[in-house]
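J.: Fit chain to chain and form the complex, with the hints in mind.
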Amino acid sequence: AQKITQTQPGMFVQEKEAVTLDCTYDTSDPSYGLFWYKQPSSGEMIFLIYQGSYDQQNATEGRYSLNFQKARKSANLVISASQLGDSAMYFCAMTANNAGNMLTFGGGTRLMVKP
Amino acid sequence: NAGVTQTPKFQVLKTGQSMTLQCAQDMNHNSMYWYRQDPGMGLRLIYYSASEGTTDKGEVPNGYNVSRLNKREFSLRLESAAPSQTSVYFCAAEGRGFYEQYFGPGTRLTVT
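Chains L and X, in that order, are what the protein sequence lines are. Residue numbers for the first sequence follow the numbering used here, so the first one is 1 and each next one is one higher. Residue numbers for the second sequence follow the numbering used here, so the first one is 1 and each next one is one higher.
Just chain X, same shape as in the assembly (with noise of 0.2 Å):
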């Protein structure tokens, strides 16, 4: 998890809230994506950046919104929460090249 932070560590929301889950890397890394997690499954990309100004649909990108603020910051909104987007959310910077991903810690988020 080295110099990757999300905030908050967990949240609840009502059907129909919105929020906004925050990211920061100290890595001076270009790449920056967000993913999620549903019980029992691997992580599945939701939308990327590849660099500052930019960023990318990925596999499950409906009902979220991104927002590259600027190289370090990569923030994920959900405008009307549903509980199918109950699950843990992970943000993530590149590593070099081919190489690692580094992970935040995550976000549990419950929708009810």
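Bound conformation, chain L alone (with noise of 0.2 Å):
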């Protein structure tokens, strides 16, 4: 079974700066995915950016980087110049081989970016 953790349950950023979300996951399966997703006060919920187990490069997408760390299991979320847009939960996820493509969330991080 997978699971992921969230130990930051609401933090503040100031505006322009840098923040970093924590996620730590915990599986047996050699062959996983990582993902974060934002909910904003709206609801959905947007898809930001993946990273898979085998993959050697920490994944990128824009603002949001992807610090992942195989040894300490740790997959955080980096976004850098934080906009007010930004605030809104955050929840990482993962997949596994043994799991099908079945997500389990972590409990999310509420971001709020501070003008």
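If you want the footprint, here are the derived chain X segments under chain L, 3+ residues with CB under 8 Å: (1) 43-56; (2) 101-108.
Label pairs and their calculated CB-CB ranges: (3) L:Tyr-64 to X:Ser-80: 38 to 46 Å; (4) X:Arg-108 to L:Met-11: 20 to 28 Å; (5) L:Asn-67 to X:Lys-9: 33 to 41 Å; (6) X:Asn-70 to L:Asp-29: 29 to 37 Å; (7) L:Ser-31 to X:Thr-54: 16 to 24 Å.
Residues on chain L that point at chain X, a partial pick, calculated with CB under 7 Å: (8) Gly-43; (9) Glu-44; (10) Met-45; (11) Phe-47; (12) Phe-91.
Calculated from the structure, these hints are not laboratory results. Backbone N, C-alpha and C fix where the C-beta goes; we use that ideal spot for every residue, glycine too.
T.: Here it is in structure tokens:
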């Protein structure tokens, strides 16, 4: 079984600064995928970034990067140059080869960007 | 939310009533999923369907039934709603292998 842990229930960041949202995971499967989703107050789930367990490079998508440390089983999301529109809930999730394509989610981190 | 639609957007039920949540995708993907999200929590998988005609239980299947009518549609049924089923329900369709799942806009269900 897979498990995702997000230890930061809420975080503040100043506009234009960078912020790191923590995520640790646990799985016995050597083949897995890690995801970050954003959920604004409107409620939809927006895919941000993906990292495969065999990927050598950290994933990047625009202002989002995933700091993948396999030995530590961590997959932290880094948002550079925060914007007011980044205020939202952020969920880390994973899937594993032995779990089909089912996602297991963490409890989320609420990010609030201050002007 | 590309290509995944859900109806209704909001619903209020009384305890014991039944209803079906509808989900459809136009991306021709095989796998579809139903999740629930309780206040302040992440999503939990209720049921999934790896292909037309097949369904499997997820983490929290009790009190629900599903039906994969065809490749496009995957419905979730509450036979006898309970207040513990008050939640936001998300349908999703698979992305590209391990890649993103596409989520619908959600259905906010309240059971009184």
